[in-house]
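> Sequence:
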Amino acid sequence: MQPPIRIAILECDTPLEKTKAKYGGYGGVFKTLMVGGAKLRGLDPERDLEMTSWPVEKELQYPELEDIDAIMLTGSRYNAFDNTPWITSIVSYLRRVLEQDRVRIIGVCFGHQLVARALGTPIGRSDIGWEVSVCPVELSPEGQRIFGLSNLKIFQMHRDVVQEVPKGMTLLGSSARCDVQGFYQKNRVITVQGHPEFSKEIVSELLYARHESGIFDDDEYQDAMQRVGDQHDGVKIAAAFVSFLLEE
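Residue numbers (UniProt numbering): 1 to 248.
In case anyone wonders, no lab produced these hints; they're calculated from the structure.
Possibly wrong hints are sitting among the right ones.
Listed next, the in silico EDC-like pairs over lysine to aspartate or glutamate satisfying Cα-Cα at most 16 Å (straight line) [said to hold, decoys possible]: (1) Lys-18 - Glu-205; (2) Lys-153 - Glu-131; (3) Lys-39 - Glu-50; (4) Lys-200 - Glu-248; (5) Lys-22 - Glu-205; (6) Lys-186 - Glu-50; (7) Lys-186 - Glu-142; (8) Lys-58 - Asp-13; (9) Lys-200 - Asp-223; (10) Lys-186 - Glu-248; (11) Lys-153 - Asp-230; (12) Lys-18 - Glu-131; (13) Lys-22 - Glu-201; (14) Lys-20 - Glu-201; (15) Lys-20 - Glu-248; (16) Lys-167 - Glu-247; (17) Lys-186 - Asp-223.
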């Protein structure tokens, strides 16, 4: 795939107030991530990437495949296994993308789970519970090759999991709370369960809101906040996404 690479960011949720004020939406968060990844990869983001945002949670409209080179699915507060109309609509669209071999797919958290669902793989609640804040991921040999790292640290914010590696995909890594932290197929799909696009500020806002609403108890909240400022590999993961898009 040759630049400029046309990436459609499918926004599966709306950020909280502070994040929305800064970025406008999750499309803005992911554009910031991919700009950093492109620069690390040696590309000029303004010249080599064309990114558009699609609020698919609110509008059942998707880019025509002939107009794009890749789609990127964001995280969401919702459950990827639900059958609400907008979620089943995205799954149908994903299956159409998966039926062809030119437009590539990047899935993040909820997006990772949606891709698995579209591939016919079971997803559901984790028996262990939430995985949140900066967490380590043990990379598979293929994960080490793709990310150029021996292990990974990434923001997490999930309690749903992909229950097995989809047929035809290669596992990228695992953690103590999630066996399938990502999967890959050359020139077709790359996903991660974590959030490379997140920052300390974004996650702090989420943790505070979910603590206030009772989703996280005091101990869970304090534990997560102690790790929210830890080093993480978000931009390196974005560089791997860019490399995936450039694969021949």
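> Could you tell me which of the hints above the structure violates, numbers in ascending order?
4, 6, 12, 15, 16 and 17
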